[in-house]
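*Asks:* From just these sequences and the hints, can you work out the full model?
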Amino acid sequence: MIVEGYIDGPAPNAQLTNRIKINGWAKSTNSTIKEVNIYGRLAGSNHSFVPLAKANYGEYRPDPGLTGPYGWSWEWDTTRYGNGNYELKVKATSLDGSSTWLLDSANHSETLRVSVQNSTHACLKPLYRYFNSSVLRHFYTQHWSELGLGDVNWRYEQITGFVAASGCSLPSGTPLYRLAHNTLTPKHMYATQYERDVLVSSGEYHDEGRVGLIAQQPQSQYVMASLQRLYHSGRNDHFFTTDQTEVNLARNEGYQLENPVGQIVTVANVYPNPPTGLSPSGTTLNSLNVQLTWNDAGDPDNHPRASRDYVVEIRATNNSWSQSRSWNSATNWSVAVPQPGTYAWKVRAGDGLSPSAWSAERQFTVSNNAQAGLMVNPNPIPASASSSSATITWGTGNSNQGQLFVSENGGPDRLMAQGHYGVDSPGWFAPGSEYRFRLYSGLNRETLLREVTVRRERSLIANPSSIPAGAQGLQQIMLYWSTGDGSEAQVYVSKDGGEDRLMSQGPYGKADPAWIVPGSVYRFRLYAGFNRATLLREITVR
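Residue numbers (my numbering): 494 to 1035.
Keep in mind the hints are simulated off the structure, nothing from the lab.
Be careful, since some hints might not be right.
Think about it this way: if two alpha-carbon atoms lie no more than 30 Å apart in a straight line, the pair counts; the simulated BS3-like pairs of lysine-lysine are [said to hold, decoys possible]: (1) Lys584 with Lys547; (2) Lys514 with Lys547; (3) Lys514 with Lys839; (4) Lys520 with Lys1003; (5) Lys547 with Lys582; (6) Lys514 with Lys584.
Note that the structure is predicted; figures quoted are calculated from it, not measured.
*Replies:* Here is the structure:
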């Protein structure tokens, strides 16, 4: 039987970051594909190719002449591996035992060369863990190039934690050293300075140098965990981990728990500083519409990005009302409180990986003669939100009665609520519709106090939205869609004015079609339901 197929992505020599999908297709004549496996090694090394993953096989392909469940893919989390150049190979095997190494569709080579270049911390360096199944021992190194993805003897397992590199400081830091056994090979030990001196002076080990700094005590500005050490006398193996589940499993295999080595950083990041300059604070306001502002207080390591976003929480001090805003880069938030009274609020910063501590809570008071307030949050309402994800807050500013009316898409006003204040999260926001809210004083629409308009979005988005000029070979785009209300939908695609083909279906989703080529025009259409009766969105990628 003949097994055929290709690696469609990523492109040869692509620079990869974060999570990246490796994908393609494979099929077998007169048989069925059993599995597709991905192998890799560091480029330029003398290591053998080692298994990386078993790909997910059976994904739908709309390609002319290849329509059917012949696609395969694997999402590679490159952050679990060191930066460097890699060589990848993919093997497809059928049920009858036939197999072949797939070629990349651009260069027609069995070996796909790519480069992993993730943002790295200036001081915190990964401690990589390996296991040798022949001698049943572990090995740890801060140098990815030492073993990379592993070889026939050593299997790469994971990052154990992060150590502070030479020239960097760590509060209550103490050096961690790597020692090699003088008679047992391979056999390594990792110890702080006092234990290192004892083991070296005994003649049992020799020093192979400093791995980095760990902490003697937990530090509040880091995510840290105790680095546990276990020993298996039958294997002469020391095992180090921060995971209590692994500790329990190791003890079941005969490992004995020894003293912890210290505290090791488990997330390569320093928390950003809590925001400062919160306003209003300690003041009295005369409006139910309140503008909250604060200042960015920076980040000690500006990692993994140099900018911050923020989450805000506000509540009535009698706990009768509360509201929050999720992560957003703006250092202000306009919010409507429901009635006069005292309110407390706080904010925290995020750097894309870790949140800061909350700021100190600040309070302000809204007077009894405050101006009326009306606000919808969020505005506009994203298509990906649930139908009740917008909160309407309104108040007349005093104890006088008022009425809240709403109209949809320019239609007639209808009474929604009445009273002197209220909070509601209605479930009838339809995707693509526009709503106008009007707050009146009294119970017969006497005086218009406030008016606000909100729209519920639909979405069908391609990223990037066009094929870069001068691009060659297969292009990678991400397609996102949502009906906005959880209803079912179908996504169709046509190429160069040809017939529409079903690409995917569901109320929302994403896809990364691996068959986009320069010079062609692709039209994506999002239809409601399953009969293509109502077109919701249409975009073109060229």
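*Asks:* Evaluate each hint against the coordinates.
*Replies:* Tested hints:
no., hint, in the structure
1, Lys584 with Lys547, "holds, 10 Å"
2, Lys514 with Lys547, "holds, 13 Å"
3, Lys514 with Lys839, "violated, 39 Å"
4, Lys520 with Lys1003, "holds, 24 Å"
5, Lys547 with Lys582, "holds, 12 Å"
6, Lys514 with Lys584, "holds, 16 Å"
The earlier numbered hint that this structure contradicts is number 3, and it is the only one.
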